[in-house]
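Asker: Chains as they are written, first to last, in numbering that gives the first Met the number 0: chain A, 0 to 157; chain B, 0 to 360; chain C, 0 to 360.
Some hints here could point you the wrong way.
What the hints assert, rightly or not - Covered by chain B, per the in silico footprint, the following chain A stretches (three or more residues, Cβ under 8 Å):
# : stretch
1 : 2-13
2 : 47-58
3 : 102-116
Claimed, not checked - Restricting the straight-line Cα-Cα distance to at most 30 Å, the calculated cross-link-like pairs of lysine-lysine (DSS-like) are:
#  : chain 1 : residue 1 : chain 2 : residue 2
4  : B       : K283      : A       : K128
5  : C       : K113      : C       : K99
6  : B       : K283      : A       : K31
7  : B       : K201      : C       : K99
8  : A       : K42       : B       : K46
9  : A       : K42       : A       : K1
10 : A       : K128      : A       : K7
11 : A       : K40       : B       : K46
12 : A       : K17       : B       : K290
13 : A       : K54       : A       : K128
14 : A       : K7        : B       : K283
15 : A       : K40       : B       : K266
16 : B       : K46       : A       : K31
17 : B       : K340      : C       : K173
18 : A       : K54       : A       : K7
19 : A       : K7        : B       : K266
20 : A       : K54       : B       : K201
21 : B       : K340      : A       : K1
22 : A       : K40       : B       : K290
23 : B       : K266      : A       : K149
24 : A       : K31       : B       : K290
25 : A       : K42       : B       : K290
26 : B       : K290      : A       : K149
27 : A       : K31       : B       : K315
28 : A       : K22       : A       : K1
29 : B       : K46       : A       : K149
30 : C       : K72       : C       : K173
31 : B       : K201      : A       : K7
32 : A       : K1        : B       : K201
33 : B       : K266      : A       : K1
34 : A       : K31       : A       : K42
35 : A       : K31       : A       : K1
To be verified - Here are the computed distance ranges between Cβ atoms for each label pair:
#  : chain 1 : residue 1 : chain 2 : residue 2 : range
36 : B       : Q11       : C       : N144      : 32 to 40 Å
37 : A       : G129      : B       : D187      : 41 to 49 Å
38 : B       : R22       : A       : E56       : 36 to 44 Å
To be clear, the hints were calculated from the coordinates, so they are not data collected in a lab.
Just so you know, even glycine gets a beta-carbon here, dropped at the ideal spot from N, CA and C.
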Amino acid sequence: MKVIIYDKPDKSEEEVAKAIQSKFPGTVEIVKITPRNIIMKVKREGFLDVCMYMKDEVSFEHNSCVTPVDYLDHFTVVYHISSYANHLMAEVLVDLPRDDPTVDSITPLWGGANWHEREAFDLMGVIFKGHPDLRRIMLPEEYQFHPLRKDFQVGRRV
Amino acid sequence: MSEEMWINMGPQHPMTHGLWNLRVRVDGETMTAAEPIVGYLHRGWEKMVENRTYPQIIPLADRLCYGSSFTWSHLYCLAAERVFNIEVPERAQYIRTACIEMQRISSHLMWLAAVGTDLGSYTILLYGMRERELFLDLMVELCGARMTYNYVRIGGVRNDTPPDFERNVTRVLDTFEPRIRDLEALCDECETFRMRTIDIGKINAADAMNLGLTGPSMRASGIDLDLRRHDPYEIYDELDFDVCTHTDGDCYARYRVRMDEMRESVKIIRQCLEKMPKGPTRVKVPRCPPKGTAVARVEDPRGESLMYMVSDGTDKPYRLKVRSPNYVNLSASPAMLLGNKISDVPAIMGVLDMCIGETDR
Amino acid sequence: METLYTVLQSLSEWLLGVIAWLIDWTRLGFLSGIADWVETEPVVTFLTTLLVAAIYFITLFMFGLCFIWMERKFMGRFMDRRGTQVGVLGFFQNFADGIKTMLKEHIIPKAADKGLFEMASFAIIATSAMLLGCIPLSPQFYVINVDLALLLGIAIFSFAPFGILIGGWSSNNKFSLIGGMRAAAQLIALEIPILMVVVSVVVMTGSLSFIGIVGWQQDNIWLAFPLFIGLITFFVAAIGESERVPFDLPEAEAELVEGWQTEYGGFRWGLIMLSDYLRAYIMCALVTMLFLGGWDGPDFVWAEIWYLAKTFIVFFFFIWVRVAMVRIRTDQILTLGWRRLLPLSIVNLLIAIALKTAEVF
Numbered sequence: 000m001k002v003i004i005y006d007k008p009d010k011s012e013e014e015v016a017k018a019i020q021s022k023f024p025g026t027v028e029i030v031k032i033t034p035r036n037i038i039m040k041v042k043r044e045g046f047l048d049v050c051m052y053m054k055d056e057v058s059f060e061h062n063s064c065v066t067p068v069d070y071l072d073h074f075t076v077v078y079h080i081s082s083y084a085n086h087l088m089a090e091v092l093v094d095l096p097r098d099d100p101t102v103d104s105i106t107p108l109w110g111g112a113n114w115h116e117r118e119a120f121d122l123m124g125v126i127f128k129g130h131p132d133l134r135r136i137m138l139p140e141e142y143q144f145h146p147l148r149k150d151f152q153v154g155r156r157v
Numbered sequence: 000m001s002e003e004m005w006i007n008m009g010p011q012h013p014m015t016h017g018l019w020n021l022r023v024r025v026d027g028e029t030m031t032a033a034e035p036i037v038g039y040l041h042r043g044w045e046k047m048v049e050n051r052t053y054p055q056i057i058p059l060a061d062r063l064c065y066g067s068s069f070t071w072s073h074l075y076c077l078a079a080e081r082v083f084n085i086e087v088p089e090r091a092q093y094i095r096t097a098c099i100e101m102q103r104i105s106s107h108l109m110w111l112a113a114v115g116t117d118l119g120s121y122t123i124l125l126y127g128m129r130e131r132e133l134f135l136d137l138m139v140e141l142c143g144a145r146m147t148y149n150y151v152r153i154g155g156v157r158n159d160t161p162p163d164f165e166r167n168v169t170r171v172l173d174t175f176e177p178r179i180r181d182l183e184a185l186c187d188e189c190e191t192f193r194m195r196t197i198d199i200g201k202i203n204a205a206d207a208m209n210l211g212l213t214g215p216s217m218r219a220s221g222i223d224l225d226l227r228r229h230d231p232y233e234i235y236d237e238l239d240f241d242v243c244t245h246t247d248g249d250c251y252a253r254y255r256v257r258m259d260e261m262r263e264s265v266k267i268i269r270q271c272l273e274k275m276p277k278g279p280t281r282v283k284v285p286r287c288p289p290k291g292t293a294v295a296r297v298e299d300p301r302g303e304s305l306m307y308m309v310s311d312g313t314d315k316p317y318r319l320k321v322r323s324p325n326y327v328n329l330s331a332s333p334a335m336l337l338g339n340k341i342s343d344v345p346a347i348m349g350v351l352d353m354c355i356g357e358t359d360r
Numbered sequence: 000m001e002t003l004y005t006v007l008q009s010l011s012e013w014l015l016g017v018i019a020w021l022i023d024w025t026r027l028g029f030l031s032g033i034a035d036w037v038e039t040e041p042v043v044t045f046l047t048t049l050l051v052a053a054i055y056f057i058t059l060f061m062f063g064l065c066f067i068w069m070e071r072k073f074m075g076r077f078m079d080r081r082g083t084q085v086g087v088l089g090f091f092q093n094f095a096d097g098i099k100t101m102l103k104e105h106i107i108p109k110a111a112d113k114g115l116f117e118m119a120s121f122a123i124i125a126t127s128a129m130l131l132g133c134i135p136l137s138p139q140f141y142v143i144n145v146d147l148a149l150l151l152g153i154a155i156f157s158f159a160p161f162g163i164l165i166g167g168w169s170s171n172n173k174f175s176l177i178g179g180m181r182a183a184a185q186l187i188a189l190e191i192p193i194l195m196v197v198v199s200v201v202v203m204t205g206s207l208s209f210i211g212i213v214g215w216q217q218d219n220i221w222l223a224f225p226l227f228i229g230l231i232t233f234f235v236a237a238i239g240e241s242e243r244v245p246f247d248l249p250e251a252e253a254e255l256v257e258g259w260q261t262e263y264g265g266f267r268w269g270l271i272m273l274s275d276y277l278r279a280y281i282m283c284a285l286v287t288m289l290f291l292g293g294w295d296g297p298d299f300v301w302a303e304i305w306y307l308a309k310t311f312i313v314f315f316f317f318i319w320v321r322v323a324m325v326r327i328r329t330d331q332i333l334t335l336g337w338r339r340l341l342p343l344s345i346v347n348l349l350i351a352i353a354l355k356t357a358e359v360f
């Protein structure tokens, strides 16, 4: 077996961003490019296609984190997806309406997202379609609430 | 014993190193299914910090993991500094880097000690803990605490190094470096240790990458990736060090990677001490940061840890998400466990370096 | 020759004589029959046997405690610490532990099979105590000296897996069940090499009693020299038979909590632990008897001292192995037993037969 070495970045941030945007002009909006970091907004409808493209064509090998944020009028799910070969991390923001927090699961693409998505479901109530095993992970199964939502009041179970 | 049975290893079990539960289905002694269950130690950390001001969170971040508390408080301060948009004085960066590496060594030593008990050798435990004490003493000298340091501040470190600190660190490193050989002799030259770790808990590079394995466990599978080099923070881009890798992807490879990492850490600390400039160690920081988000990720002793911070312009963070390396490594553990014997559970889970404080948060 | 029996026989004759004189002194006519009976042969023999057993048991019990103490202190030194510090050189730790276990509540799990649960612990302790009687300290200091003492000892020794299996089964706990199964498998796997080595010793010496075996060695040569392979095989198998690291799978702490003794607590556990050490003592004693010439040694101290010194040195090697090794796996121990030790013991037996036929000794 050989060691897989990532010593020099394959593509620069701009190239990666351009590649993704030109492939999905309507769905992807590049917000900001900083060294080793790309922030982009993706519409929820085409999100899974963008992810597949990122994994297969632009070599984003690793899902670092899935973070749901409650902005009161909407949810934003932030995916940190890193590319080992390009030495960068993409921050993919997906806005979800508050009354229907549903988004496609990326667990089939990156197995590492499994527990992150379960946690997001558990604590924030975001539902991931296509997740193999969407159960509560931190809190007991029978709980009815999602404590990290901003309308959850500490000390009172709503 | 012909039928399969489910065994609950945990939440109270000597193997678990904390509160978690590993349900395994065994056929005789071979595991046919495994399901880690976490959440027994969930403290609502992320909710808790939404009600604390920025400086108040530093001690809380320390308590994410008792084994490597410095890296966690440092990671928090790194994320906060990116939200506040401040530059840290150079001397503080050097001190931080040296401390992170000392923390990495002491965390790895504690890991070695835990692996020793898991495999049934108290000698490894006591020798590992003895060497760790050297570094804890250094940290006591620096900030007065043995495990939860509360030393990093947003915009620097709490205090400058005490007089003679550099000399003491050099002395400790000189003592410690030959002792790595002793520790290796204790493990490598023990036939039973190799019997228990070689070819146990194998995972190949593709699986490791897909399952989100990071840190030494991933590097042991033959992926040459270290955030200290690939996404440098502090002053790592100015330092000269190697990324330790191994290709076998079994428990022994993970053990080798960590032992080699300790040597590299010693090298890094020496370079930090050599290059450390004079100057201030802390800058003034406003009470409230501007609106915005920031992300910081570092190479924790256990893997890639990440913090994502959302600020709404008040003195409390709007949202702070922690990516714990262990959380993901644990979710990947069934892939390593299946097909092994039940006696291999402590070996595999011990070598993963469990820390439930950061896993459950 | 003055043996323990003859000394104690004259003591008990004197004691019973005193009692008979006291009864006569009362001048109560109806008691004179009892006074005569007290001085008869069966009563004297009975009292002598009782005294011998008591003295022997207390002596060996103290050696068991010494073994525990020795293990604590030596392990401490091996691990670069001081070991226990209670009382004189830490020896009172044993008494503290004994008092603690005695004062603890006796708990039987609700779902356990009560009768078997109790019986199993007593079976193990009783067989361990019985074994002590088979092994003489010197030609003078013994409880029984039958021609088949060696065979008797081995037979009693192999009763233990039965008790362990029953204990593990009746606890109604998955961990203890697995531990019991492992213990049975391991003890049976290692029993055969042990027996083969014993057979080779018998072939060489032509005797099945310990006194005969040691006598042969006094006349000719310590068997450790011609049967070196046998010594090594026996030593490894002896560590396994006494369930010590690296072969302590039945109580593998990391994965099986405490193995088959998980549910035992308080005084039952204390006795089981003591019997563990007694069995370790017996194994050391066998190594001494069969290979190291038993009580053979220069004549300036008692034979018992030579015997004990050798036994303690063998136990020192047991401790050494314990601190240097990690625990091995069940399948590996079976592989070791069947595929390494068994061929070695057969080779050893062939050597013994060859030496005997060539009439070297």
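Asker: Does the beta carbon distance between R22 of chain B and E56 of chain A stay inside 36 to 44 Å, or does it fall outside?
Answerer: At roughly 39 Å between Cβ atoms, E56 of chain A and R22 of chain B fall inside 36 to 44 Å, so the hint holds.
Asker: Is K31 of chain A within 30 Å of K42 of chain A, Cα to Cα?
Answerer: holds, 16 Å
Asker: Under the criterion that the straight-line Cα-Cα distance not exceed 30 Å, is the pair K7 of chain A, K283 of chain B satisfied?
Answerer: violated, 37 Å
Asker: For the stretch 47-58 of chain A, count the residues whose Cβ lies under 8 Å from any Cβ of chain B; is that count three or more?
Answerer: Check failed, 0 qualifying residues.
Asker: Can the restraint linking K40 of chain A and K46 of chain B be considered satisfied, given a maximum Cα separation of 30 Å?
Answerer: holds, 26 Å
Asker: Hinted pair, alpha-carbon criterion (30 Å max): K54 of chain A, K128 of chain A. Please report holds or violated.
Answerer: Given that 30 Å is the threshold and the Cα spacing comes to 19 Å, the pair holds.
Asker: Do at least three Cβ atoms from the stretch 102-116 of chain A come closer than 8 Å to Cβ atoms of chain B?
Answerer: holds (count 7)
Asker: Holds or violated: are the alpha carbons of K201 of chain B and K7 of chain A at most 30 Å from each other?
Answerer: Between K201 of chain B and K7 of chain A the Cα gap is close to 28 Å, so the pair holds against 30 Å.
Asker: Okay, the stretch 2-13 of chain A and chain B, do three or more residues pass the C-beta test at under 8 Å?
Answerer: It holds: at least three residues are needed, and the stretch 2-13 of chain A offers 5 whose Cβ sits within less than 8 Å of chain B.
Asker: For G129 of chain A and D187 of chain B, compare the CB-CB distance with the range 41 to 49 Å and indicate the outcome.
Answerer: With Cβ atoms ~46 Å apart, the hint holds.
Asker: Hey, K40 of chain A versus K266 of chain B, does the alpha-carbon distance stay inside 30 Å?
Answerer: violated, 42 Å
Asker: Taking 30 Å as the top limit, are the C-alpha atoms of K46 of chain B and K31 of chain A close enough?
Answerer: Roughly 28 Å separates the two Cα atoms, so the pair holds.
Checked against the numbered hints above, the structure breaks hints 2, 4, 7, 9, 10, 14, 15, 23, 28, 30, 35, 36 and satisfies the rest.
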